[in-house]
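Colleague: Read off the chains here:
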Amino acid sequence: MGGDQTRIDCFGINEGLQVPMIVPAQNLEGRKRRMKRIIPLVVLIATMIAMVSVTASAKTINIWTGFPELEPFYKWAGAEFAKSHPGVNFQVLSTSLREFEQKLTAAIPTGTGPDVFDVGPYIAIKLIDAGLLPPNPPEVDAHLKGGAWSKFSVDYVTIGGKTYGIPLMNGSRAALFYNKKMFREAGLDPNSPPATFPDLLQAATKLTKYDSAGNVVRSGHSMRISGGGSGLTEKFRFVLHNAGGDVIVPTGGGKWRNDLDNEAGQRALQYYIDSIHKYKVDDPQVRHDSEAFVTESTAMFLRESWVIGEIKSKNPKLEYGVAPMPKWERWDTLAQPWSVYMSAEGAKSKEVREFINFLTGKEAAAKLVELSGWIPDRLDFDWQSLVKKTPQYQVFVNPPKGMGFFADPVMPAFDEVQTKVADRLVEAFLDKKLVNNQEGIKRVVHEIGGLIDSILKRYGAYGK
Amino acid sequence: MRDTQHGIGSDTGLPGPGASNRGKKLPELVWSGAVQLALMAGAIFMVIPFLWMISTSFKPPTEVLSWPPNLVPKEPTASNYVGLFGEAPFVRFFLNSVFISTVSTVAILATSVVGGFVFGKYRFPGRDFLFLVLLATAIVPFESYIIPLYARMVRWHWINTYQGIIAPYLIMSFGIFLMRQHINSTISDELLDAARIDGCSEWRILTSIVLPLSRSAGGALGIFAFTQAWIAFMWPLLIANVRELFNMELGLTMFQFRFSTDYGLLMAGSVLSVLPMIIVFVFLRRQIIESIALTGLKS
Amino acid sequence: MFEMGRRPGFLGYSSFERSKIAFCYLALLPILALFAILRIIPIIETFWLSLYDWKLVGSVRPFIGLANYQGLIGDEQFWLAIKNTSLYAGASVILGLTISLPIAVALAGKMKLSPFYQAIYFLPFITPMVPMAVAWKWIYDPRYGILNYILSFFGMQPIGWLIYPEIAIWALIAMNVWKNLGYNIVLLLVGLRNIPAVYYEAASIDGAAGWSRFRHITFPLLKPILLYVLVTSTINAFNVFTQVYVMTLGSQAAPGRAVRVLLYDIYENGFRYFRMGYASAEAVILTLIVLALTLVQFKLVKSEA
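Protein chains in written order, with this note's numbering: chain X, 320 to 783; chain H, 14 to 312; chain A, 30 to 334.
If you are wondering where the hints come from, they were derived from the structure by calculation, not from laboratory data.
A quick note: this is a predicted structure, and the numbers were derived from the prediction, not measured.
For each residue, glycine too, the CB sits at the ideal point set by N, CA and C.
A hint or two may mislead.
Straight-line Cα separation of at most 25 Å, DSS-like style, residue types lysine-lysine; simulated pairs [unchecked claim]:
(1) X:751 with A:84
(2) A:141 with X:481
(3) X:707 with X:500
(4) X:528 with X:499
(5) X:481 with X:464
(6) X:646 with X:500
(7) X:783 with X:761
(8) X:752 with A:112
(9) X:528 with X:464
(10) H:134 with A:49
(11) X:761 with X:646
(12) X:525 with X:500
(13) A:84 with X:776
(14) X:633 with X:597
(15) H:38 with A:84
(16) H:38 with A:49
(17) A:141 with X:574
(18) H:134 with X:633
A few chain X positions that, by computed beta-carbon distances, are all more than 12 Å from chain A [unchecked claim]:
(19) 388
(20) 422
(21) 593
(22) 604
(23) 625
(24) 766
(25) 778
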C-alpha cells in the first residue's frame, strides 16, 4: 500500500502527525466509476434546470395556512376556481400555526411570501404596521362592505380608515367540549356541563383517571400547559379574561398596559397550578388537545368549532357535547374574525383578487364548515340547517344570552407579548413550588406583568 | 516497527494502550472481555435510535401508540411509506438536496484548488495578507452574519431561488487552506518549473498537473463539503419559501409541522431522509471517516 | 533567461514574473470577490447594523449607537440564551470527551472488530440532524417513547424528558453527545495511533501497564489533541440551532425558555419580531464569544507545543 500522505500542520499543533489519505490505488480503480457517475449528474442538473423553470412559469397561486384542517377547503376552492379560470393552478402549504407565523413573517418582507394566506390579527397588524400588507383594492373592499359581514367584523379589519383582508371564518369563539360517556360513568349529568370555572375544575377531578402509581392516564380537563408559542397564552386568556383580567388592556390614546399583575391574574394562574399539581386533573406527560379528545384520552377541553370537523373525520362515534365557555367574574369568549389576505400587487393580482372574493363568498362558506369544521364569518349563512344536522354547532352559532365576546388587541407588540408570556407561563405551570403558595403566584404574575410592560415600552405603546 | 500506512478505518492498529493479544494472563483476559462487553453495549446504545425509528416506521397507527412498545412490529406494514409520498414530494426534496450539495461541492473544490495552488506556489504582493483575511473569515460562525447576507439576498431578489440557497456554500476558507497544504507537500517546485520549460502556461499547469495531483485531498474535501451542504438548515429555512425548493432537511421539518403526532408517518419520513447518507456511508465508510478525521483536525 | 522558482528578496519583477503575478490575481479575482460578498462584507455589516434600529423593511433606519447593546444587558431572555447555550456547549463537550476517550483507547489497540465499532459509533455523526432530532423526540415521548420503556425495567416512573425545563436541556445535550461521539472517537484515534510505539515499549520495560501507562504516556501525549477537540467542539456547540428548532415544535415539545439558545433568540428577534439591528447585536456577541474561544485555543496550542 503506497500511502499518499499529507503532513498535518495545523498552526503547529499536530506537528509530526501523519494522517493517511485516501489510497491512490483505489482512486485508479475509481476513476472509471467516477466517469460513469458524471453522466447521471449531468442528467440530474438538466432536470433541475427544468424544475426551476417550471416553478417560475405558469399562473400558480400560492396559498399558505397555519391550519392543516383548512387544507381540504383550500384545495376544493382552488379546483372550483380553476374551472372558471383555466390556466390558474394552486399550491397549498399548510403547517402548524406557530411555525407558519414565523415563516410568514420572514417571507412577506421579501416579497416571496404566498399570494393568499390566512393569519391571525396579531400577525397581520405587524405586517400592516411595517407597510408590508397592502389595503384591500376597491373591488375587494366593496365585496367586504356588501352587507355580508357584521359591522363588528368590518370595523375590526379597518385600520386607519382602510380595510385589510376579508374575514374568512370566526377565528376563535372557543367553547367547552365534553365527553358525555365519561360524564355518565363519573356520575355527572351529561346534559348539565359545568357552567363556571370552579365547576369545571370540580367536574374534572371526578373525570380524571389515574394508574396505580397515581399518574394521570386520562385527564379530566386537557389544558395547554407545555410547548410554547402564542397559542399557549391565547388558551390562558380564556381563563384569565373571565377571571377579570387580560394580557393587555388599552389605556386610551393607542396606549396599553398589562392587566394580569393583579388579583385576576393570580386567580387565573392559581387555577392552572391547582388543576395540574393540586387536583392533578391534567399532566404535561399525557396526550393533549384535540388529539386527546378525539382518542378519548381526556374528558373536557376548551377549543374552537373545527374540532367538530376533526371528530367527524377521525372518531365519528364519539359521544360528546359542546357547552358555552364557563363563566367566572365575567362571561365572555374569545371571538374574532380570522381573515384571508393577499400579498402586494403583482402579475397575478387580478386572479388573486377574484379568488379571495370567491373564497369568502356564500358558496364557499358552506364548504368551509363541511370540510374544516370552522364557521364562516358571514351573516347570510344558513345556520339553522347546520345546527339541525350537527347539534354541536348550536353553541357556536347561537351564543347564549348574556355571554359576550372579546377579541385580540390589534396592535403590533401583541405577538411578541403573547409569545414571550407563553414562555414564562410554561415555566410557571410546571413549577410545583407554586402550589398553595400565594406569595409565589403573586411574584410570578408580577414578573410577567413587568415583562409585558417592558415590551410595550419598547414599542412606545405603554400607557398608565 | 511503527506502521504508518494503516488507515484510521483499517484494522492493523499498532499495539496501542490496550493489552497485546499474545501471552495474556487471566486478569487481562477478564479485562479485555469486559472491554468487549462495554464496547458492544455502547454500540447497541448507538444504534437503538435507528432501530426504534425503523421499527416505528413499519407499524400501523394503533401499534405505534401501544404500550408496552414492540421493538419488532407485530403487523408490519408499508402504509406509512406509501402515505408519505402522497403527502409530500420527498423525491423532489431529495433531488434538491443532491443538486444543492453537488453544485456546492464542485464550486468549493474548484475555488479551493485554484486558491490553494496560487497561495501555495506563487509569491505576489499582498499574498500573506489576503491569505490571512480568508482564513480569518473561518473563525466567524456563518450564522452570525446571516442577517446582512439575508438582506443582500432580499435586495438581489434571490429569496426563493436555488442561487440564493447555494450562494453561501460556494466557498470554504478551510478548503483553500487544506488544498494549499496538500499542494505544497505533494507537488514540488521542480515539477512546475519543468512544466514551464516545456512551455506550459500557468493555466495549463493548473489544469494538467495540479488538478490531477489534488485528487486525494480533493476527495476528502469533497466529502466534507457535500455533507456540509446536505445538512444546511437555517439558511434554507430563511431563503426557501416554496415547497419546490426545500431540501431534505427542510422538507422533513415542514412535514413534521403538519403531522406532529403521527409518528409512524414521521419515522417513515425520517428513515427516508437518513437512508441516502447511510447507503453512501456503507460504501465509502473508510473514505468518509478519513475525510472527517482530516478535515476535523485541520479546521 | 527565465528566472525560475522563488527567490526571496527579489525586488524588480521580470516580464515572466509579471505574467505569473497577473495569473495569480486573475485566478484569485473570482475567489476573492466571492469571499468579499459572501463573507467579509456581511461580517463587517453585522457590526455596523448592530448600531441601528432596523426593521428590515422601510427606509427608516435610525442610528441608535450602543442602545441595542444596552438593551441586551437588560434582556433577561438574552441572558437565558447565553446561559443555556453555555451549559449546552460545556456539558455536551465534557460528557462527549469523557465517554469517547475510553472508547478510543479501547479501539486503538489490536482488535479485529475495531473498524466495525468505529463505523457503528460514527454512524450518528454522518446522519443528518433533522431526521435524528425527530427520531429523538419520539424516543423521549413521555407516554410511548422507548426511553421511558427501557427505564421502566429499572422501576422508574415515566419522565417528560422534553417537557420539564430542567430536564429538557439535558435531553438535548444527551442527543448531542450521542450524535458527536463518533467524531470525537475518530479524532482521538488519530492522536492515539500517532503515539510512537517506542514509548510503550520503554514503558513495558519499566513495568508500567494499564492505568499508569495511560496516565503517564497516553494522556500527556494525547493532551494537545484533546484540548484541540475540546475547544473546537465547544465552538461547534455554540452554534446549535437545528435540533432546538425541531424539538421545540408542537404542543408536546420542549418548552421554549428552557432550551432557548443564542441562535434561536437571534432568529426569533430578527425574523419574527423584525428587530434586525437588535439581532445583529446578539450576533456580534456570539462572534465575540467564538473569537474568545479561538484565542484560548491558540494559547493552549502554543503552550502545549
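Colleague: Each hint should be assessed against the structure and marked as holding or not.
Modeller: Verification of the supplied hints:
1. Proposed proximity of residue 751 of chain X and residue 84 of chain A is contradicted: the alpha carbons are some 40 Å apart, above 25 Å.
2. A threshold of 25 Å between alpha carbons decides the hint, and for residue 141 of chain A with residue 481 of chain X the separation of about 77 Å lies outside it, so the pair is violated.
3. In summary, the hint linking residue 707 of chain X to residue 500 of chain X is supported, as the alpha carbons are separated by about 22 Å, within the 25 Å threshold.
4. At most 25 Å may separate the alpha-carbon atoms for a hinted pair to count; residue 528 of chain X and residue 499 of chain X meet this at roughly 16 Å.
5. Among the hinted pairs, residue 481 of chain X with residue 464 of chain X is consistent with the structure: their alpha-carbon atoms are about 12 Å apart, no more than 25 Å.
6. Our distance criterion of 25 Å between C-alpha atoms is met by residue 646 of chain X and residue 500 of chain X, whose separation comes to about 24 Å.
7. Restraint check for residue 783 of chain X and residue 761 of chain X: the C-alpha separation of about 20 Å stays at or below 25 Å, so the hint holds.
8. For the hint linking residue 752 of chain X to residue 112 of chain A, the alpha-carbon distance of about 23 Å falls within 25 Å, and the restraint holds.
9. With a C-alpha separation of about 51 Å, the suggested pair residue 528 of chain X and residue 464 of chain X falls outside the 25 Å cut-off, and the hint is violated.
10. At most 25 Å may separate the alpha-carbon atoms for a hinted pair to count; residue 134 of chain H and residue 49 of chain A meet this at roughly 11 Å.
11. About 23 Å separates the Cα atoms of residue 761 of chain X and residue 646 of chain X, which keeps this hinted pair within 25 Å; it holds.
12. Taking the CA atoms of residue 525 of chain X and residue 500 of chain X, the gap is about 13 Å. The hint holds against a cut of 25 Å.
13. Under the criterion of a C-alpha separation no larger than 25 Å, the hint pairing residue 84 of chain A with residue 776 of chain X is consistent with the structure, at around 17 Å.
14. Using a Cα cut-off of 25 Å, the hinted pair residue 633 of chain X and residue 597 of chain X is violated, with the two alpha carbons roughly 33 Å apart.
15. In summary, the hint linking residue 38 of chain H to residue 84 of chain A is not supported, as the alpha carbons are separated by about 72 Å, beyond the 25 Å threshold.
16. A threshold of 25 Å between alpha carbons decides the hint, and for residue 38 of chain H with residue 49 of chain A the separation of about 66 Å lies outside it, so the pair is violated.
17. Of the pairs offered as hints, the one joining residue 141 of chain A and residue 574 of chain X is violated, with about 74 Å between alpha carbons and a cut-off of 25 Å exceeded.
18. Taken as a hint, the residue 134 of chain H and residue 633 of chain X pair is broken in the structure, with Cα atoms around 69 Å apart against an allowance of 25 Å.
19. No beta-carbon of chain A comes within 12 Å of the beta-carbon of residue 388 of chain X; the shortest separation is about 15 Å.
20. With a minimum CB-CB distance of about 9 Å to chain A, residue 422 of chain X fails to clear the 12 Å threshold, and the non-interface call is violated.
21. Consistency note on residue 593 of chain X: stated as away from chain A, and its beta-carbon is indeed over 12 Å from all of that chain's, at 19 Å minimum.
22. Listed as a non-interface residue, residue 604 of chain X fails to keep its Cβ farther than 12 Å from every Cβ of chain A; the least gap is roughly 4 Å.
23. Distance check on residue 625 of chain X: its Cβ is at least 15 Å (rounded) from any Cβ of chain A, clearing the 12 Å threshold; non-interface status holds.
24. Not every beta carbon of chain A lies more than 12 Å from that of residue 766 of chain X, the smallest distance being close to 9 Å; the non-interface claim is violated.
25. The Cβ of residue 778 of chain X does not lie farther than 12 Å from every Cβ of chain A; its closest approach is about 10 Å, which violates its non-interface assignment.
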